[in-house]
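Chemist: Starting from the given sequences, assemble the full structure and let the hints guide the process.
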Amino acid sequence: MTSTSVQTLTFGPLTIAYDETVLQPRAWTARQAELAVELAASTHDGPVLELFSGVGHIGLLVAARTGRPLVQVDASPHACAWARANAEAAGLADAVTVRCGLLEDALEPHERFSLVIADPPWVPSAEISRFPDDPPLAIDGGADGMDLVRSSLEVIGRHLTAGGYAVVQVGPERQAEAVVEAIDGLPLTCVAVERYPRGALLVLRGSEND
141 MTSTSVQTLT FGPLTIAYDE TVLQPRAWTA RQAELAVELA ASTHDGPVLE LFSGVGHIGL
201 LVAARTGRPL VQVDASPHAC AWARANAEAA GLADAVTVRC GLLEDALEPH ERFSLVIADP
261 PWVPSAEISR FPDDPPLAID GGADGMDLVR SSLEVIGRHL TAGGYAVVQV GPERQAEAVV
321 EAIDGLPLTC VAVERYPRGA LLVLRGSEND
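For the sequence shown, our numbering assigns the number 141 to the initial residue and increments by one for each residue that follows.
Quick caveat, the hints were computed from the structure, so don't treat them as lab data. One or more of the hints may lead you astray.
Here are the computed distance ranges between Cβ atoms for each label pair [to be verified]:
hint : residue 1 : residue 2 : range
1    : Glu248    : Glu348    : 17 to 27 Å
2    : Glu321    : Glu267    : 16 to 26 Å
3    : Thr161    : Val320    : 28 to 38 Å
4    : His184    : Pro153    : 39 to 49 Å
5    : Trp168    : Ala266    : 18 to 28 Å
6    : Ala233    : Asp284    : 30 to 40 Å
7    : His250    : Thr155    : 28 to 38 Å
8    : Pro272    : Ser182    : 21 to 31 Å
Where is the CB? At the ideal position from N, CA and C, for every residue including glycine.
Modeler: Next comes the structure, spelled out in structure tokens:
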């Protein structure tokens, strides 16, 4: 990667690089990775799926801690390029596959994962002007902030194994409750919610869907 304004973030044992074309990785998102690592011990072996992976820091920390292969999905070509560069810098290039595209097109119908992490954009469209330094693609969650959250839940419902776990990060206020409402009818059960000032982490467990 070449850029005129490369910055770095220490993220656990990793050094994550990025520039102004992508959403700046936040140190506090390490909690999502830590929670996924804890859950990995209770799931079947196999690759980890990360949706809305950005520059890759959360998923890469999970891969580094668990030794599992990682599939990352993001719609931003800039973010995908940085995710690949960060995987290489971490010595994880052979274990990481970055798929640049829409969620609906990135996965084959037969693919299943026992561990999924997702950090979808959740800022309501009318409020993204409050964050002028953030690329709109990375934060715009639609009219109620839930459009891409709902899309990610549908993908998780199709691709999470029975007994597997997903860790989904959403915004503050009622978004955690909205997730619980949105999974009604999907083969998912919310088994834990961890709240913090910036939002919430939800742990979802997969049930039989065949």
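Chemist: Hint by hint, note whether the structure agrees.
Modeler: Consistency of the hints with the structure:
As the Cβ distance of Glu248 to Glu348 is approximately 20 Å, the hint placing it in 17 to 27 Å holds. At roughly 21 Å, the beta carbons of Glu321 and Glu267 sit within the given window of 16 to 26 Å. Distance hint check for Thr161 and Val320: the Cβ-Cβ separation is about 35 Å, which falls inside the suggested range of 28 to 38 Å. A hinted range of 39 to 49 Å for the beta carbons of His184 and Pro153 is inconsistent with their spacing of about 25 Å.
Between Trp168 and Ala266 the Cβ separation comes to about 25 Å, which falls inside the hinted range of 18 to 28 Å. Under the hint 30 to 40 Å, the C-beta atoms of Ala233 and Asp284, about 38 Å apart, fit the expected range. Taking the beta carbon of each, His250 and Thr155 are about 36 Å apart, inside 28 to 38 Å as hinted. At roughly 41 Å, the beta carbons of Pro272 and Ser182 sit outside the given window of 21 to 31 Å.
In terms of the numbered hints stated before, the structure departs from hints 4 and 8, listed from lowest to highest.
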